[in-house]
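Here the protein sequences line up with chains Y and E, keeping their order.
Under this note's numbering, the first residue of the first sequence is numbered 6, with each subsequent residue one higher.
Under this note's numbering, the first residue of the second sequence is numbered 6, with each subsequent residue one higher.
Check each hint, because a few of them may be wrong.
If several chains are the same, the list does not tell them apart, and a pair holds so long as it fits within one copy or across any two.
[What the hints assert, rightly or not] With a straight-line Cα cutoff of 20 Å, these simulated SDA-like cross-link-like pairs (lysine to any residue) come out:
hint	residue 1	residue 2
1	K468	T17
2	K468	I453
3	K635	V743
4	K157	F136
5	K265	T26
6	K24	G84
7	K692	L639
8	K65	E661
9	K294	M606
10	K36	E241
Keep in mind the hints are simulated off the structure, nothing from the lab.
Number of protein chains: 2
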Amino acid sequence: MSNNVIGSKLITRVDSFNKVTGNAYFSADIKLPGMLCGKILMSPHPHALILNIDTSKAEKLPGVKAVITSLDTPQKNYGIFPSTRDQYPIALDKVRFVGEPVAAVAAVDLDTAEEALRLIHVEYKVLPAVFDPAEALRDGAPLVHDNTERNKCMDYKVVYGDMDAGFAKADLIREDTFTTEALAHGQLEPYVAVANFQPVGKLEVWVPNQSPFAKRTALARTLQMTSSDIRLHPIEIGGAFGGLSEMGSAEFCAALLSKKAGRPVKLSYSREQTMIAIRQKHPMEITVKTGMTKDGFITAKDLRILADGGAYHSTSGIALTNPFIMYLALYRIPNVSYEAARVYTNKGPRGAMRGHGNQQLRFADGAQLDWMAEELGLDPLEIRLKNAVQTGDTLLNGSKVHSCGFSECLEKVRERSGWEEKKQAPPKALRGIGVGAGIHICGFDLGIRSKSGAIIKFNEDGKVHILTGSIDNGQGNKTMHAQIAAETLGLPVEDFSLICGDTDITPSDPGTYTMSTAYISGNAVLRAAQDARNQLLAIAAKKLKVDANELEISNRRIFVREKPEQNIGIKEVLIAGLVAGTQVIGCGEWRPTNVTPVDWMNGKIDGQPTGAYSYGAVVAEVEVDPVTYKVKVLAVTAAHDCGYAINPKAVEGQFEGSVSFGIGQALSEELIWKDGRVLNAGFLDYKLCLAGEMPPVESIIIESQDPAGPFGAKEAGMTVSIAAVEAVANAVHNALQVKFDSLPITPWKIQQKIAKG
Amino acid sequence: MSNNVIGSKLITRVDSFNKVTGNAYFSADIKLPGMLCGKILMSPHPHALILNIDTSKAEKLPGVKAVITSLDTPQKNYGIFPSTRDQYPIALDKVRFVGEPVAAVAAVDLDTAEEALRLIHVEYKVLPAVFDPAEALRDGAPLVHDNTERNKCMDYKVVYGDMDAGFAKADLIREDTFTTEALAHGQLEPYVAVANFQPVGKLEVWVPNQSPFAKRTALARTLQMTSSDIRLHPIEIGGAFGGLSEMGSAEFCAALLSKKAGRPVKLSYSREQTMIAIRQKHPMEITVKTGMTKDGFITAKDLRILADGGAYHSTSGIALTNPFIMYLALYRIPNVSYEAARVYTNKGPRGAMRGHGNQQLRFADGAQLDWMAEELGLDPLEIRLKNAVQTGDTLLNGSKVHSCGFSECLEKVRERSGWEEKKQAPPKALRGIGVGAGIHICGFDLGIRSKSGAIIKFNEDGKVHILTGSIDNGQGNKTMHAQIAAETLGLPVEDFSLICGDTDITPSDPGTYTMSTAYISGNAVLRAAQDARNQLLAIAAKKLKVDANELEISNRRIFVREKPEQNIGIKEVLIAGLVAGTQVIGCGEWRPTNVTPVDWMNGKIDGQPTGAYSYGAVVAEVEVDPVTYKVKVLAVTAAHDCGYAINPKAVEGQFEGSVSFGIGQALSEELIWKDGRVLNAGFLDYKLCLAGEMPPVESIIIESQDPAGPFGAKEAGMTVSIAAVEAVANAVHNALQVKFDSLPITPWKIQQKIAKG
């Protein structure tokens, strides 16, 4: 029996009311008694030795309560993996990018804190810097980190099949090289951390984040504390997009300033600091060599990626391995080789951002597919269909694909976009149409952080609190959890409240990266709800004098299935339980079974790196202005296999956000550099896709019903974001019949190409 | 095997560090974005009709954001029982005591809020008032509430045995009448409530309280909300003593002001408001008629109580029934009658305060026992011993006494105080010695609020979070819970953190009234710890390849009992669990079994009104200053059967606080009235026992090992507080050989008696 809560379009998001009325609290809103204002002094140099830091003048400024440099820290480095810990929350003896923290102050107000920063005298010895990854690889290039070979952060090569044999079977072989730029996440919320270091040795932290438990662990290590003595409080988050996965200097410095000052500290980054000093998207140089038969089957694929990692390791191995794991699950290609390297440069460190390498690779691979289709006189969408992975496939690395709606996505966007009529080249009036494909994984092995847990607590009025370790960055996770529980417990969504990601209170959770919240955390909530349901039915069975398995729940009542006139209200059941001394509290936890750990630093992905793959396809139509060369996206048709749409409206919201991301990244977003400095660290000059630039989006939800996902659900939205970049770029190619090998495709680049061509 | 955590004197309280460093947050410390300052306008009249309230001038004052009167409220009355709901959070059409709220404002700061109060014009029609309970009972007395018979709030009579036969067997019969005064709880923390009414319809509240779940229910009813939409946040509490059990006007008005203003509101009571407008201790007129054989056995006891309830019902039936429930379990008396009545007067409403009627009765009964001992030439301590209830007794109401260390308490204080040598009358130099007896129950049936629940969550670093619905008013409950869990789980106390009484998060709990936190909530924590323990052992058993029941836990490791060299660290066990997808989270709940509900409003106490009784005895020595007549307490010897002292240092702390309470109430504390106004609503004039007035206290812990209490524990401290009043009063009698029939025994009263005598 369905309670019509999942899959319903009538569900109001549980957090929307507080957000639209301004009553949602972000970390910038936190006020604590005696709270100080914290600011970080950042390096103005891309590469320099720190010879001396004189904080004496700053310390004497009235109103300054604490000044810290690396000497006040435990000087523990951090990083995603034990082998990649190369960054310090405050630079020790060397700065490696413009924006690297060198000192921090806490003062009674912002003016005093900023004045104190000006009074800190740092003596630098400026070193030669390197900004280009190819240059960084040259012998004699300045070394960002000592003891590295030509700035190589990591590299490896993976081969499946027989490359020579594969290319030998091809009728057409093409090799192209593409580049993408560093991007900012563009969270609307600037980065703000509040810390309260209690004298008892406990640390309370409010900071936007994607995984409070992972952040707690990293903070504990760098602060030389034990993780349970740190409490990450739940807080609203104004966008994450992968950029809030890792520990940051803000929460670290806020904690130490609070400890030193003996008062709580709110440390805020300006918009500029937010854009230069936290993670950026990896710029990549991607070489794709493809062999294809004349009827469009791919016989071999050689992929080579050189990623500019910026000054530190950060997600390094994940950024390189992740796109390849996904690549293998998108197209059936018998022979694939992958060679990836990441180098250090004197730029801001690069980390996770939507798709994490996947978007860049899809742009490159997808552009070349279109060019090859053109050469072979084939339909590019048809090529994608011909090579598409199918449900039940076993991939080259041994991974099983349990659910796959990729082909259906392609077919639907073809049908609904009017692809067949519109694809005729050359298009009229600088208009073009393009297709893109998207894939993503849903979670991977995170060791002790692989499982999610949930607690579902019934109150005597029949309303329910869900305690989950997962958090909601704005994508609608809270509502999704409430729907899963509501469906299971026969209650409306408005009966649920959520406590999400409070490390003292909730069970642990992997975090909202790896697109696993519906798939993993949702499964934990489902199990907690089932546990609570069993408890309710057991009490009801006694009251109704029947067996519990004869009962079902719907509309806040428990019915005897065969005699629905025999029933009892849930509230009455709860009261009966409480009088007998029992409160209904359900517990549940889940992690995907049989998922094998990936050896990220060596690109070893054999086995089952993820439980489920999600898919998407996008058709974009564009028009290029003949005067300004600005590309206008006229329409987007997007299909996405999210397994099952627990909340179709939220999934459609993800479609729209993802299309906006895709358009921005295809056409306008890039961090512009000069001598290691970002020139456009602000929303006026860093060109996100604006509301007025959004095309109408037709959203097509494909439900492949993953066997492990809760009610069949996988992830929602990411594959659209990935496919949209490819689709928009291909549409521009289609419109202009000009090959673009770099993102973003700006009016300037178009003008240059046209001038050349 | 014991882990030596319970019963240890080496345990540091888990909350002490933050408290002594000023880092503990009380509701007055809460700051929220946009928070307003709330103030309540209180009636200056003890009895008046409200003809009109003109708030227009106040509303126009710049900075005023909301003004409310009863017209802005749902006009729902409240009270402990459905039949006793007679009070409104803001008076409707009539005020019944000086200090009753009539309006409230929220403004940008305190000055503006107070100015706004002055601008509210209330048109009263002053009514004749009644202040004395005896006068209130007279025909024609002004009626505090219409439809009451001579202001009678409630009355009833209970008889066990044959009173005439009982008195017929007596050699001496004596009847005396005693009076006690209204008292203030004297919490050091003024009453402050913070409310944040979110537009989504959820209400967040920070307010000192003894039972967040009970307060939530009352707030929900009066605000016409459902209880789960209200969240009571944990907050440090600066003393409760029974005075924070019930809902108050502060949290109610803060909530409605916040709703109206659309901003959070902090509503603070001044010290004066705290003392006049929240609950007070019931003043009582107590008549005791006792029949005694010449060798000191009590043959019959007739108790009559007239309680001045003030303007509202409040705890009414509990205040009258509670002392009698306890009386029956103190002395073996075959024939007992009890007649109790409570009347309304135009004074502040009276409610729960330490002992709740029990202290007043013990003073009266104990004084008379001493006088009769004197007449019969018997030792008053011996009389108490002769009549003492014993373990295993079945009382007149059918209640079983499962554990009773009363006689042992009496014997120990006799021995350790040097009673035998010192008791010789008349004493020299205005010195005297007196004995008192104490008893208390541990919890009673609270319907759906009878059970407590706890969740114990292990983190991967081996540290533990305990989530309990119970709270710590300062008595050490947090430490007690941590010790219970630590003992069970083989961990030190410092490995535990507590989240207490957050209504969204923790399982529900009865609250910290009824002295049940160790007995009931402690039992829930014990069961949650046992559940977690079983989970740990199950994982360890797999790792060690043995059966779980061969294992034991100690010192953060799990050992094979017979082969202790085979062992594994708890942290390793936790990691193994997490890797397999399991986090150790234990759940437990408990309520006393076979406790029967009391019919409070009719004084029907047959059955088992409580699971356990605790006992105490105090010997006090005093000296009266011949010039000032001020009584100095020279020494106190106190013994207390707390079942088992989980934390002996905390129990001793309770002894000392209780002695201070007893001395204050015996010698100096009283609210002084004129025309219904309190003249001494401040700590300068309301004379608590000060630190400098404290005698040395010898604390003797008696452990009767209650069969149901966790590790045998019952309540800690209350019986000493009760016995101390009786002991000090009797010591003064002993010193002066003058009979005092009213509390407090002030220098003024002594001077008057001596002048008369």
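Same-copy or cross-copy closeness of K24 to G84 [CA-CA at most 20 Å]: neither (33 Å within a copy, 36 Å between copies)
Regarding K294 and M606, is the shortest C-alpha distance of 20 Å or less found within a copy, between copies, in both, or in neither? Neither: 24 Å inside a copy, 88 Å across copies.
Which holds for K157 with F136 at a C-alpha limit of 20 Å: within a copy, between copies, both or neither? within (13 Å within a copy, 89 Å between copies)
Since the copies are identical, ignore which copy is meant and state whether K65 and E661 lie within 20 Å (CA to CA) inside a copy, between copies, both or neither. neither (52 Å within a copy, 47 Å between copies)
Homo-oligomer pair classification [T17, K468; C-alpha up to 20 Å]: So K468 and T17 pass the 20 Å test inside one copy only (17 Å; across, 38 Å).
Homomeric proximity label, K468 with I453: Cα distance no greater than 20 Å: Between copies, since 15 Å is at most 20 Å while 32 Å is not.
When no copy is specified for K635 and V743, does a C-alpha distance of 20 Å or less occur within a copy, between copies, both, or neither? within (15 Å within a copy, 104 Å between copies)
For K265 vs T26, is the C-alpha pair at or below 20 Å within one copy, between two copies, both, or neither? between (37 Å within a copy, 14 Å between copies)
For K36 vs E241, is the C-alpha pair at or below 20 Å within one copy, between two copies, both, or neither? Both ways: K36 and E241 sit 15 Å apart in one copy and 17 Å across, limit 20 Å.
Can you tell me if K692 and L639 fall within 20 Å by alpha carbon in one copy, between copies, both or neither? Result: close within a single copy only, 18 Å intra versus 81 Å inter.
In terms of the numbered hints stated before, the structure departs from hints 6, 8 and 9, listed from lowest to highest.
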